[in-house]
Amino acid sequence: MPVTIPWDRLHRRLLSPRTRQWSERVILVIAIASFLVHLLLIFLADAGLLAVPEGGGLLRNPIAAIYTPFSFILVYEVYLLLYYLPQSITTYITKQYEIITLIIIRRLFKDLSNLSLSSDWFSIKYDLQFTYDLVASVLLFFLIYLFYRQSRKPGRPGPRSQHPGVARFIRIKKALASALVPVLMFVALYAFIRWSMGLLHPGSGEGVSFENINNIFFEQFFTILIIADVVLLLVSFFYTDEFHKVIRNSGFVISTILIRLSFSVSGLLNTLLIVAAIVFGLLILVIHNRFEMQIAQEPPAGPDQG
Numbered sequence: 131m132p133v134t135i136p137w138d139r140l141h142r143r144l145l146s147p148r149t150r151q152w153s154e155r156v157i158l159v160i161a162i163a164s165f166l167v168h169l170l171l172i173f174l175a176d177a178g179l180l181a182v183p184e185g186g187g188l189l190r191n192p193i194a195a196i197y198t199p200f201s202f203i204l205v206y207e208v209y210l211l212l213y214y215l216p217q218s219i220t221t222y223i224t225k226q227y228e229i230i231t232l233i234i235i236r237r238l239f240k241d242l243s244n245l246s247l248s249s250d251w252f253s254i255k256y257d258l259q260f261t262y263d264l265v266a267s268v269l270l271f272f273l274i275y276l277f278y279r280q281s282r283k284p285g286r287p288g289p290r291s292q293h294p295g296v297a298r299f300i301r302i303k304k305a306l307a308s309a310l311v312p313v314l315m316f317v318a319l320y321a322f323i324r325w326s327m328g329l330l331h332p333g334s335g336e337g338v339s340f341e342n343i344n345n346i347f348f349e350q351f352f353t354i355l356i357i358a359d360v361v362l363l364l365v366s367f368f369y370t371d372e373f374h375k376v377i378r379n380s381g382f383v384i385s386t387i388l389i390r391l392s393f394s395v396s397g398l399l400n401t402l403l404i405v406a407a408i409v410f411g412l413l414i415l416v417i418h419n420r421f422e423m424q425i426a427q428e429p430p431a432g433p434d435q436g
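If you want this note's numbering, it's the position in the sequence shown, counting the first as 1, plus 130.
No wet-lab data here; the hints were simulated from the structure.
A hint or two may mislead.
[To be verified] Pair by pair, the computed Cβ-Cβ distance ranges are:
1. 300 x 426: 21 to 27 Å
2. 167 x 354: 28 to 34 Å
3. 152 x 174: 16 to 22 Å
4. 143 x 319: 18 to 24 Å
5. 397 x 138: 42 to 48 Å
6. 279 x 322: 21 to 27 Å
7. 143 x 218: 19 to 25 Å
Quick reminder that beta carbons are idealized off the backbone N, C-alpha and C, glycines included.
All chains should be built: construct the whole structure from the sequences, respecting the hints.
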């Protein structure tokens, strides 16, 4: 007898508003505790009571302690992304953009702990990266604001949204979001264990360098998101064949791929790829909304009008 998974029940257990509120409180408590522990470790290292391993740049400056609670806030943002996935594609994509922006903000705290205040600002690697991230964070914040405004613009009136296929598509998105929760939890746990082993055994080759520490978990996370986005794109073909919606959904997949590619490079190219991904997604949404407005204004086609 085949085993069936009650996706609706699993979704209510993992991604309900009550679970969201509980997760928010737990993450905030962990974030505050981790910040205090990180500060304590920095104090012990500064007092010579704790040996700082090679690559332990996050234990050398109190500013770097902000990096740790930000990491847990990002974990909660990942949960919110899955929470909003069944509700709205544009909100789901907005959450992707918010996550990559918060990753850059988090990187700023790491960059701050390595700044060298000198007249050679534009020739020092960490100072240049700090400049790129500072400008990019403001630009991305503005682009997300524009994307949010576009995603809230009214489209066509409701009868189309009541199509029975829409409810079926939402159930599929709920099942996908529920399945992604344990997958991402496993990936996060694996990434954390691998990073910890690298700290305990620096010469083992299992760790992640200080320079690439920002990529921990999120490189794999966006790879999984690409797979999820492609699945949603393919499933959406069963429920709509409208050109502008197909292009919108395809464009969002390309945007996610560009974000994933940014983890493969560093420096200015990393920042440019992230900005390009969000600009591309914004333009796709703007054009899609213009299509929606144009279709809403057109009278229904009669039998002679094709």
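Consistency of the hints with the structure:
1. Here the CB-CB span from residue 300 to residue 426 is close to 22 Å, well matched to the stated 21 to 27 Å.
2. The given range of 28 to 34 Å is respected by residue 167 and residue 354, whose C-beta atoms sit roughly 29 Å from each other.
3. Range check, residue 152 to residue 174: about 33 Å between beta-carbon atoms, so the 16 to 22 Å window is missed.
4. Between residue 143 and residue 319 the beta carbons are some 19 Å apart, a value that agrees with the proposed interval 18 to 24 Å.
5. Hint check: residue 397 to residue 138, Cβ distance near 46 Å, so the stated range 42 to 48 Å holds.
6. Taking the beta carbon of each, residue 279 and residue 322 are about 37 Å apart, not inside 21 to 27 Å as hinted.
7. The hinted window of 19 to 25 Å between residue 143 and residue 218 holds, with their beta carbons roughly 21 Å apart.
Hint compliance for this structure: hints 3 and 6 are not met, and every other hint is.
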